[in-house]
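Protein chains in written order, with the numbering used here: chain A, 4 to 463; chain B, 13 to 509.
To be clear, the hints were calculated from the coordinates, so they are not data collected in a lab.
Errors might be hidden in some of the hints.
Far from chain A, some chain B residues (derived; all Cβ distances over 12 Å) [to be verified]:
1) 112
2) 216
3) 452
4) 482
With beta-carbon atoms standing in for the labels, derived distance ranges [what the hints assert, rightly or not]:
5) B:21 - A:235: 27 to 37 Å
6) B:243 - A:57: 53 to 63 Å
7) B:469 - A:57: 26 to 36 Å
8) A:235 - B:36: 43 to 53 Å
9) A:200 - B:36: 15 to 25 Å
10) B:253 - A:81: 47 to 57 Å
SDA-like cross-link-like pairs, simulated, lysine to any residue; straight-line CA separation at most 25 Å [to be verified]:
11) B:363 - A:68
12) A:167 - A:142
13) B:102 - B:469
14) B:102 - A:24
15) B:363 - A:189
16) B:363 - A:167
17) B:102 - A:22
18) B:102 - B:327
19) A:167 - A:189
20) B:102 - A:29
21) B:102 - A:106
22) B:363 - A:52
Everything numeric in this text was worked out from a predicted model, so none of it was measured.
For glycine and all other residues, C-beta sits at the position ideal for the given N, C-alpha and C.
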Amino acid sequence: MASPADGAANGGAPHPYIPATEADRARMLERVGVPDLDALFSDLPAAFRDPAIDLPTALTEPELIALLEERADENADPARPNFLGAGAYRRSIPAIAAHLTARSEFVTAYTPYQPEISQGTLQSAFEYQSVVCELTGMDVSNTGLYDVASATAEACLLAVRATKREAVALLEPIHPGTAEVVRTYSRGAGLRVDLVPSVSDLTEEHACLVVQQPDFLGAIVDLEPLAEAAHASGVLLVTVADPFALGLLRSPGEAGADIVTGEGRDLAGGPGFGGPSLGLFAARSPFMRQMPGRIVGRTQELYPPPDGAGEPRTGYVLTLQAREQFIRRERATSNISTAQALIALAFTITTQALGPRGLREAAELCYQRAHDASARIAALPGYETPERGPWFQEFLVRGPVPAEDLAAELRARGIGPGLDVSARPEPEAREALLFAVTEATPNAHVDALVAALAEIGGGA
Amino acid sequence: MTLPRPKTEDFGARLSFDRGSPGRRAVDVPAWAGDERPLPDTHLLRDSLRLPELSQGELVRYYTALSARNFGIDSGTYPLGSCTMKYNPKVDDLVASSAGFATAHPQSPAEEAQGTLRTLLELRRGLGEATGLPAVSLAPAAGAQGELAGVLMITRALEDRGELETRRRILVPDSAHGTNPATAAMAGFAVTQIPTAADGSLDRATIEQELDESVAAVMVTAPNTLGLWEQGIEDVADLIHGAGAYLYGDGANFNAIMGRVRYGDLGFDVVHLNLHKSFSTPHGGGGPGAGPVCCSEELAPYLPTPVVEECEDGLVRLTAPERSIGQLQQFHGNVGVLIRAYAYMRALGLKGLRAVSGQAVLNANYLRVLLHGHYDLPYDRPVLHEVVFSGSRQRREHGVRTYDIAKRLIDHGFHPPTVYFPLIVEEALMMEPTETEPPEAIEAFAAAMIAIAEEAEEDPEELHGAPWTAPIGRLDEATAARRPVLRWQEEGADSPA
Numbered sequence: 004m005a006s007p008a009d010g011a012a013n014g015g016a017p018h019p020y021i022p023a024t025e026a027d028r029a030r031m032l033e034r035v036g037v038p039d040l041d042a043l044f045s046d047l048p049a050a051f052r053d054p055a056i057d058l059p060t061a062l063t064e065p066e067l068i069a070l071l072e073e074r075a076d077e078n079a080d081p082a083r084p085n086f087l088g089a090g091a092y093r094r095s096i097p098a099i100a101a102h103l104t105a106r107s108e109f110v111t112a113y114t115p116y117q118p119e120i121s122q123g124t125l126q127s128a129f130e131y132q133s134v135v136c137e138l139t140g141m142d143v144s145n146t147g148l149y150d151v152a153s154a155t156a157e158a159c160l161l162a163v164r165a166t167k168r169e170a171v172a173l174l175e176p177i178h179p180g181t182a183e184v185v186r187t188y189s190r191g192a193g194l195r196v197d198l199v200p201s202v203s204d205l206t207e208e209h210a211c212l213v214v215q216q217p218d219f220l221g222a223i224v225d226l227e228p229l230a231e232a233a234h235a236s237g238v239l240l241v242t243v244a245d246p247f248a249l250g251l252l253r254s255p256g257e258a259g260a261d262i263v264t265g266e267g268r269d270l271a272g273g274p275g276f277g278g279p280s281l282g283l284f285a286a287r288s289p290f291m292r293q294m295p296g297r298i299v300g301r302t303q304e305l306y307p308p309p310d311g312a313g314e315p316r317t318g319y320v321l322t323l324q325a326r327e328q329f330i331r332r333e334r335a336t337s338n339i340s341t342a343q344a345l346i347a348l349a350f351t352i353t354t355q356a357l358g359p360r361g362l363r364e365a366a367e368l369c370y371q372r373a374h375d376a377s378a379r380i381a382a383l384p385g386y387e388t389p390e391r392g393p394w395f396q397e398f399l400v401r402g403p404v405p406a407e408d409l410a411a412e413l414r415a416r417g418i419g420p421g422l423d424v425s426a427r428p429e430p431e432a433r434e435a436l437l438f439a440v441t442e443a444t445p446n447a448h449v450d451a452l453v454a455a456l457a458e459i460g461g462g463a
Numbered sequence: 013m014t015l016p017r018p019k020t021e022d023f024g025a026r027l028s029f030d031r032g033s034p035g036r037r038a039v040d041v042p043a044w045a046g047d048e049r050p051l052p053d054t055h056l057l058r059d060s061l062r063l064p065e066l067s068q069g070e071l072v073r074y075y076t077a078l079s080a081r082n083f084g085i086d087s088g089t090y091p092l093g094s095c096t097m098k099y100n101p102k103v104d105d106l107v108a109s110s111a112g113f114a115t116a117h118p119q120s121p122a123e124e125a126q127g128t129l130r131t132l133l134e135l136r137r138g139l140g141e142a143t144g145l146p147a148v149s150l151a152p153a154a155g156a157q158g159e160l161a162g163v164l165m166i167t168r169a170l171e172d173r174g175e176l177e178t179r180r181r182i183l184v185p186d187s188a189h190g191t192n193p194a195t196a197a198m199a200g201f202a203v204t205q206i207p208t209a210a211d212g213s214l215d216r217a218t219i220e221q222e223l224d225e226s227v228a229a230v231m232v233t234a235p236n237t238l239g240l241w242e243q244g245i246e247d248v249a250d251l252i253h254g255a256g257a258y259l260y261g262d263g264a265n266f267n268a269i270m271g272r273v274r275y276g277d278l279g280f281d282v283v284h285l286n287l288h289k290s291f292s293t294p295h296g297g298g299g300p301g302a303g304p305v306c307c308s309e310e311l312a313p314y315l316p317t318p319v320v321e322e323c324e325d326g327l328v329r330l331t332a333p334e335r336s337i338g339q340l341q342q343f344h345g346n347v348g349v350l351i352r353a354y355a356y357m358r359a360l361g362l363k364g365l366r367a368v369s370g371q372a373v374l375n376a377n378y379l380r381v382l383l384h385g386h387y388d389l390p391y392d393r394p395v396l397h398e399v400v401f402s403g404s405r406q407r408r409e410h411g412v413r414t415y416d417i418a419k420r421l422i423d424h425g426f427h428p429p430t431v432y433f434p435l436i437v438e439e440a441l442m443m444e445p446t447e448t449e450p451p452e453a454i455e456a457f458a459a460a461m462i463a464i465a466e467e468a469e470e471d472p473e474e475l476h477g478a479p480w481t482a483p484i485g486r487l488d489e490a491t492a493a494r495r496p497v498l499r500w501q502e503e504g505a506d507s508p509a
């Protein structure tokens, strides 16, 4: 059987992705004036040329599909009930988001360096910036960073530049992954990262206070008093907000935040084992020229259209580029270049398809379903759902058996349990699992969960 | 008499926010049938939200119209130098979208994500083999994050050697991508720029002169942004190691050498790859990409978390290296992109990857000889994956800038090359055809470039206004930066920015 890389052996193209045939190659080599392909690599050190490399042999397209379908099936059954949240949530994504995002003019373009033939990417990015500003209550958004955690780290670096202070404070409970990434990014800049249990731990050494909304254990945070306390010490408030929850919750900007970050992946598509993700990053206008990443601005044509039909038309360009690495090099606000444009497009289409009422309704539905599930569990003998104030879509469950055993019992019944948070310091988290129920969690899954918990409780 | 052309819509003037009508909706949300529980106190809630209100069909038309105002690789030749704009196999998108992959939760126990994890493990091994640097973390989301990881790994290694306080400088050639110096600065180092030698290679004398106990690392792009191999880099590596510093490799241009030489064999300590370039995952209009970082055994304990490992019980798990620099993202990187890169690697195999680099290099050289004489070629020698011409003759003799040439290429149906980069070439036109362009496309592109050189002689004025056939004309970038309008505003509202 011929392997796909053997086409060259009979004079054909070497691979379906590589068009030049043997005859093409001969003609081109002659024009270039070298005898063979190897001659083009003569600058490479002879002693190290063409090493043995152990890679699996090539697969044809049907073989590739079969292999990867088999792999996908080795993951947990997608239809299985699963109550993990803790940073990644199941959402109802409108069909048009995936459909439109798959258009190859969007998919196969790159950074819009040539605006005249990149208006699709640029105008979509302007739509994205507009949506993010509306949701967060900020003045300026960039076109998106890698993910929520790296965006939050960039927010800390901005706060450090803006305040000339060298420590940042993260308010607990915050996602441990976010805290970890802030630490990673702070290492280079030599910043101190303090995890603080209370806003009273802020000092004038802190550049910013980072607050997650809703917090890592699901509670809705009253941001306004935190903003006031932070600002009283000259500390900026960075809010790490779930953009979906912002369909219901007051915007962080209105509550006094200076910078807002967030994770956009869930509104763009499935959790996908965490990525591709999308880091929202928006700020108040005084920080505009300190922002990391690309920003799109609106402008006009320099010349009217050639048909003489009228005025210069409106278009979009990458702007404020004097902040960026390709111009400013070691004095740039960040090293970021390629980010997550296509995910930002999907995020934009989902939020715009839902629209103002749809996003509110979906967030309220999420709230109602989660609270209903929590109440049903709390009503089971031996279970409690300790609350830390109002909450959105995640709740703590403490059962009649230790958290670890409860998780194992649920798994044994084909149900993915919430995250084990029993090692956390908050008293409500003691022996607890953190369950997420969203607008997209099927009723039958909640029923199965309640039944399984009742059964586990009955045997305890 | 010809009929007058109907006036075209100023499409960009009306965003989705300005379209549709209040009360329209593109999707419905199910009603909640259970007991209504009270919402949190109103001071925690939003009282208004401004988003577009369009029917489903209107929204689809709007974004379809936007897509038609974009040029991608699937639209035509896109020879953007150093970006490796090659054909993106559609099967890669297909396989990565399987429900089993798409729904895997990032906090899942390893047992429930073996399909994803085994795929990542095999990609990790493949990249380790292909680069000769066996320790790999797939976590970085893009090249720049891979660079940051690599430099932070060097930071940690120096810390463990007790030399972090003294080794505060990183040497970066002046031909490097801007991300290199920006990364070094972000990691807290001072940047010393190394000029390029007359033949386009690293200036070895300056490196030798600069290498002392204050140097942490040298960052080298190999092949470099002129499309040239750094001859004798293996000896430079010895010099760098002899001085106690590390050799960082920017692998953005790996496409040129896949299967031909390996960074690890040449003495590179740590390298990042751009999978959206060499491994042909879609560029997406600016991401998502993936920038895995590959390193020597010495630096392996410092790799970013997570690293994919096969454990003794046969399960594949995500692990944290002993002295890891930490996580770069909340979860595990751009996994969907990594699955596509794995599919690409499996579709090609070693023979295929060698065919890729061979044809990519032949195509760049073919373009070089086709354009030779029509444009200045400051480094006039055979190249690897890309060739950098200069428009300085056109500028000097006819007042036509590279900017004009690029814009005119749009009228000819091509995406322009990278322009004004690398910074060391005046009026630079940096062209990377990649292996997926057929010879006819390269010939057509060269013919367009030659036609434009003739237009520059005969009718230079005409070129200043190009493009004329694009969805929109040349845009006023200066005003955009001076008076920024960065978001939709209701008509009549002042821009906040």
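Restraint status (C-alpha distance of residue 167 (chain A) to residue 189 (chain A) at most 25 Å):
14 Å, holds
Take the C-alpha atoms of residue 102 (chain B) and residue 106 (chain A), compute the straight-line distance between them, and say whether it is at most 25 Å.
12 Å, holds
Given a hinted range of 53 to 63 Å, is it respected by the beta-carbon distance of residue 243 (chain B) and residue 57 (chain A)?
28 Å, violated
Verify the proposed pairing of residue 363 (chain B) with residue 189 (chain A), using a straight-line Cα cut of 25 Å.
43 Å, violated
Is the Cα-Cα distance between residue 167 (chain A) and residue 142 (chain A) 25 Å or less?
Roughly 22 Å between the alpha carbons, so the hint for residue 167 (chain A) and residue 142 (chain A) holds.
Has the hinted range 47 to 57 Å been met by the Cβ atoms of residue 253 (chain B) and residue 81 (chain A)?
The hinted range 47 to 57 Å holds for residue 253 (chain B) and residue 81 (chain A), with Cβ atoms some 49 Å apart.
Pairwise hint evaluation, residue 22 (chain A) against residue 102 (chain B), where the allowed Cα distance is 25 Å at most:
16 Å, holds
Does residue 29 (chain A) sit within 25 Å of residue 102 (chain B), going by the straight-line distance between their CA atoms?
29 Å, violated
Check the hint pairing residue 363 (chain B) with residue 68 (chain A) against an upper bound of 25 Å on the C-alpha distance.
At roughly 20 Å apart (the allowed maximum being 25 Å), residue 68 (chain A) and residue 363 (chain B) satisfy the hint.
Check on residue 112 (chain B) being off the interface with chain A, judged by Cβ distance over 12 Å
3 Å, violated
Between the beta carbons of residue 200 (chain A) and residue 36 (chain B), is the distance compatible with 15 to 25 Å?
About 47 Å separates the Cβ atoms of residue 200 (chain A) and residue 36 (chain B), which means 15 to 25 Å is violated.
Can the restraint linking residue 363 (chain B) and residue 167 (chain A) be considered satisfied, given a maximum Cα separation of 25 Å?
54 Å, violated
The structure shown violates the earlier hints numbered 1, 3, 4, 5, 6, 7, 9, 13, 15, 16, 18 and 20.
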